Amino acid sequence: EPEVTQTPSHQVTQMGQEVILRCVPISNHLYFYWYRQILGQKVEFLVSFYNNEISEKSEIFDDQFSVERPDGSNFTLKIRSTKLEDSAMYFCASSVGQPLNTEAFFGQGTRLTVV
Amino acid sequence: AQSVTQPDIHITVSEGASLELRCNYSYGATPYLFWYVQSPGQGLQLLLKYFSGDTLVQGIKGFEAEFKRSQSSFNLRKPSVHWSDAAEYFCAVGAQAAGNKLTFGGGTRVLVKP
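Chains as they are written, first to last, in this note's numbering: chain A, 1414 to 1528; chain B, 8 to 121.
Derived by calculation from the structure, the hints in this document are not laboratory data. Note that the structure is a prediction, hence the values are computed from the model and not measured. Treat the hints with care, as some may be off.
Chain B stretches covered by chain A per the calculated footprint, using a threshold of three residues with CB under 8 Å from any CB of chain A [said to hold, decoys possible]: (1) 42-54; (2) 91-104; (3) 108-117.
Backbone N, C-alpha and C define an ideal beta-carbon position, used for all residues, glycine too.
Just chain A, same shape as in the assembly (with noise of 0.2 Å):
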């Protein structure tokens, strides 16, 4: 069965450093998106992808994050100088159409430790 997959599956990375967080979505999906996890708290919307641009964000998807779809079968999200409070579960996750009209396929999560 297809799945998305998310690399690595624990990153711990010291405080104002660049992290990068990898996902390979479902290969005939056309629609990506990140959500995260603050320990404790709600899952919540990061960005959408679609057609090699961002679609939506949030008001957390700040000028420190930014989103790639490289070479076709990655999707990356990059933070460029994490912050203690970028600790959380994210989220990778894939559609082959709109997410409302389809089901969206999410990967394990990679979680972020920030020290």
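Fit chain B to the given chain A structure using the hints.
Showing chain B alone in chain A's frame:
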């Protein structure tokens, strides 16, 4: 803005007993409603969704959910729980007017006693 509340943070049930997880949403129009499950070390898996039609929705793994507009609720049920149902369950809402994003509830962690 849309929002979702899952009032129960933890629920413990005995294997074979019935399970009901509560979800209340806030949105002006008819929303798209989802239930996801997250088993330890796994991603979020869609159990079922509702956006129109029959208000009782059947999903995978023997789960069902009922949309009640008058109560702004979308509760998830399973008649007989198996040990493998121990997981965290998330209710989510989406709306076309709100773009492509899903808004999640805080989740309910289900523990299954033998």
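Worksheet item: So which of those numbered hints doesn't the model satisfy?
Response: Of the numbered hints, all hold.
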